[in-house]
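If you're matching positions, the sequence shown starts at 15 in the working numbering and goes up one per residue.
Because the hints were derived from the structure by calculation, they are not lab data.
Everything numeric in this text was worked out from a predicted model, so none of it was measured.
Some hints could be false.
[Claimed, not checked] Here are the in silico distance ranges between beta carbons for each label pair: (1) N24 to E82: 24 to 32 Å; (2) A28 to T65: 31 to 39 Å; (3) Q41 to Q69: 23 to 31 Å; (4) A28 to D80: 20 to 28 Å; (5) V63 to Q39: 41 to 49 Å; (6) N24 to N75: 34 to 42 Å; (7) I95 to D66: 19 to 27 Å; (8) V22 to K89: 29 to 37 Å.
Ideal Cβ positions, reconstructed from N, Cα and C, are used throughout, including at glycine.
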Amino acid sequence: MFNGKYIVANGQLAHPDLEFLRTDQSQNLLLYQNHAALPRAFFVGDYQVITDGAQRLRLMNTEAFDPEVIALLEKEPAQQISPP
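With the hints as constraints, model all of the structure from the sequences given.
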């Protein structure tokens, strides 16, 4: 779930990384905290270039994609990037 620390939902969410915090009964909304949220900035060890935006989104929606390990780029970087 990338870096979304809090999630507002109009129904119950069942996920092991989410902690229910409170309900707004007037709006019928639920607030959850995402304990697996990534920090605002961090380094990854690898990248993959995928020029097609739809293809990037498809990859991001698979279980194989791990944003803590690989960054997805639209085009090759102007300079060579070495792992941290």
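Does the hinted range 20 to 28 Å hold for A28 and D80 at CB?
Holds, since A28 and D80 (Cβ atoms, about 22 Å apart) stay within the stated range.
Please test the hint of 34 to 42 Å on the beta carbon pair from N24 and N75.
violated (22 Å)
Pairwise beta carbon distance, A28 to T65, judged against the given window 31 to 39 Å:
Since the Cβ atoms of A28 and T65 sit about 36 Å apart, the hinted range of 31 to 39 Å holds.
Using the beta carbons of V63 and Q39, state whether their distance is inside 41 to 49 Å or not.
Once the Cβ atoms are compared, 48 Å apart, the range 41 to 49 Å for Q39 and V63 holds.
Verify the CB-CB distance for I95 and D66 against the hinted window 19 to 27 Å.
holds (21 Å)
Range agreement (Cβ of E82 with Cβ of N24, hint 24 to 32 Å):
holds (29 Å)
Status of the given 29 to 37 Å range, CB of K89 versus CB of V22
At roughly 34 Å between Cβ atoms, K89 and V22 fall inside 29 to 37 Å, so the hint holds.
Pairwise beta carbon distance, Q41 to Q69, judged against the given window 23 to 31 Å:
violated (37 Å)
When the structure is compared with the earlier hints, violations turn up for hints 3, 6 and for no others.
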